[in-house]
Amino acid sequence: MTRAWMLPAAAAAAAAGVALFASSYGVTLASFVLLYATVALGLTLMTGFAGLISFGQAAFVGIGAYAAGYLAVAHGVPGWLTLPASVALATLAAAGIGALTLSMGGHYLSLATLAWGVVVYYGLGIVAPLGGFNGLSGIPALTLFGVDFASGRSMFCLIAGGFALAFWLVRNLLDSRVGRAVRALRAGADLPEAFGAHAFRLKVAVFCTAAGLAGMAGWLYASMQRFLNPTPFGLQMSIEYLFMAVMGGVGALWGALAGAGLVVVLKQVLQDVLPALLGRSGNFEMAVFGVLMLVILARANAGLWPLLTRFARGRRLGTGAAAKAAGRPSDAIPWLAPRPRVRDVAGEVLLRVDDVEKRFGGLVAVNRVSFEVRAGEITALLGPNGAGKSTMFNLITGLLGASHGAILLRGQRIDALGARRVAARGVARTFQHVRLVADMSVLDNAALGCHLLGRNGWVRAMLRLDRREEAAIEAMALAELRRCGLDDLAQASAASLPLGKQRILEIARALCARPQLLLLDEPAAGLRHQEKQTLAALLKQLRGEGVTVLIVDHDMEFIMDIADRLVVMQFGQKIAEGEAQAVRDDPRVQQAYLGGAA
Amino acid sequence: MDMQIFGLLVQDGLASGAVYVLLALALVMVFTVTRIVFVPQGEFVTCSVLTIAAFQQGHAPGLAAPVAAAALLACGMEAAERVRQRNLAGLGARLLLLGAWPLAACAFAWFGVGAGSPAWMQTAAAVALVTAMGPLIYRTVFRPMGHASPLVLLVAAIALHFVLVALGLYVFGPEGSRLPGFELPADLLAGLPVAPQTAAVVAASAALVCVFFAFFGHTLSGKALRATAVCRDGARLVGISPDQSGELALTIAAFIGAVSGVLIGPFTTIYYDSGFLLALKGFVGAIVGGLSGYVLAAAGSLVVGLLEAFSSYGASAAKEIIVFALIVPLLLWRSLADPHSQEAQ
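Protein chains in written order, with the working numbering: chain A, 9 to 606; chain B, 92 to 436.
Be aware that a few hints might be false.
Said to hold, decoys possible - Heads up, simulated SDA-like pairs for lysine to any residue below, C-alpha to C-alpha not over 20 angstroms straight-line: (1) A:Lys509 <-> A:Phe439; (2) A:Lys275 <-> B:Asp103; (3) B:Lys410 <-> A:Thr239; (4) B:Lys410 <-> A:Ile134.
Calculated from the structure, these hints are not laboratory results.
Sequences are here, hints too, so could you generate the full structure?
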């Protein structure tokens, strides 16, 4: 048995122990822990991995619970058939809210979920067919093949199964092509976009998945309690779910379970102790949870789970398939086979920037600049600070639209396509300030670059039907790491690399996209001499292998060592273009760099 | 609906709208200066109303004890931080600001005011006490979080909200209170179809809004806050401390919340947990301005007040639903009007 299976096995054994030996009070408590943990799991996925926060998860639980209760009571639908309705309704509600708010800043989604939590709570209270604030009673117990799920123990088994399913689905999701793109969201939406992932759709899908889990938890809740009123679906419960996720630690999925256990048990204890201590009755435990939260947030603690695992380091998501996959040829999957692409004729014009202008209000950042990048060469875009290099870079990668002129890749216009579609045309980039997913392995970071080559989507990833493609992708990523000399570090976490290796990892990630054109944004900035030499050697090697590179930089020495052709900009205008040596001897270039002293 | 009812509903809506305007302005100011979506803004309102009610009923002002405790905690944190940094210059002044003023407000409320005191003295003591909460909250809760993202600050604000609500329950108990109306001359506005109470609320709110804008437009502190709102790092470069701006912003927010309580107290019964819905309505208004525009936020809040008044006439059970459901079309409009708000983060 490998270590990866030890935790699930221990959890299953603990659940079996509870089901067989615990008192009925213990079984009820454990049922609530797992039910809440299912909801908190969705929040962990949102908060810890995609950087989104919802204050309305209890409302999605309520939607799921009431869908089940209403269909069963009013229309006599058998309990099992209401599960799809519960999940679908919660997911749809999330899709609607997400579509409206996720294109804006993170706190807009949060505020919308806050308000919608309140709306759903009051709504459930006034709709007569749902029983209003008096509640909806008489929900029949689930039965399946003659087995009656009326007892607490049988419901506990069902809830444990539900949590296990949810955990399996979310874990699979994070260890997949779309999962890597989701995790990249936390480094900013333009990271997944730069490799062709649709950041907005990813966010909506994450939000819908979390809501679907909450809907399933609601269905389980309705089946267990068989009575519903709006109270457990109000704002306070939403906040408790969030507390569970944060206290358990949003960096790991098991944190959801740890947090749910902590909150449920602590709440029981506090509800006994606090009123006696304070001499008043009321839910004072929320004050204790609130203070705990504030301490966790102020101390930047990662919650309970990392404390529990401090002695069990080394386990991580997404390492399994790689070792097995190493060496397997990627053309086992037809669409991963090397693209039948136009053969580059060395010296042919690959990228043409034609009379491009970019204005920001009255400021002309790029003023009618034209140049070419030829296949199989390293072209460098040089210039002092403020010359308009970064603007030019953003124009080529599609982050900005040009005010005038055209940018053509192999004769086809790529300006005004947007970053995602430019990436799909075969332009891969690195970032000036390194953008890696810190808690993912080097291999997974590189595999993010393969995003456009894969085809498996959200559902196939959750159901783990993507293993063949995943193995091929990991083999490809490993091959690119080997090409760049990082294969020894494939399993290390990206954050543990020194800056020089992080920049090389960014290049490996870009190469994973099999680009026609590789764009490097100040790759040598901040590197030590030795690291620069390693980088230069790598770039020369890539040129030897036929890769076309455009570098934006201002480090003359580094550039002169590697570039075939130079384009020099100053104050938004091109002042020179041509063979490296000839451009360096150009008096205007020397004046731009040395202030005319030379 | 005849014209008389219409007129009454408009007045009702304007009165509550005028209070939401104040809350929305406070929320926008705190958000722009500190990036905190300050959910507990409504707790200032409830604390102020319930403290005045406690004076009137002859109870001791229970809020004084936790404020005094928070003042001591804030002083302790400040002193510990300065000792750790080996920077004791100006510590005395900071302790005076953080400790002496709140403690003086506590002492005034505890010893100086009682059931027999004039109404203005009770009001002044309550407002002073609640205003003192602002800087203490910033110093003890938000400043230790340093450069946390708006989302983390929002979670912290919500956690703080639950702490303050539980504190309110402990201090004030579960009973609600409604303040007696303002004492106004009987013949004020005689002959006009406007209730004097409503006119007083609208006038007071308008006056406070004017003071608010005068402060931001014409004082050095106000300009420092505006500078911090535009660019924290830039403000720091010219010598404005973001932390002191944060404290000042929360002080103003607490003061506005306390005054809002005085204004809304005679219109509705306030419970220890009423603050959340009040603040959320201020939010709906503030979101109209994208959490950054004062004028739009104020206009939005007036609309929220009117909408609430008319829906409580037409569909009183769905009153809260209508107001909060408004957020979705508003967000849709904001996302169309301001598609790049994400890049600004």
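Each hint tested on the structure:
1. A:Lys509 <-> A:Phe439: 14 angstroms, holds
2. A:Lys275 <-> B:Asp103: 42 angstroms, violated
3. B:Lys410 <-> A:Thr239: Roughly 18 angstroms between the alpha carbons, so the hint for lysine 410 (chain B) and threonine 239 (chain A) holds.
4. B:Lys410 <-> A:Ile134: 11 angstroms, holds
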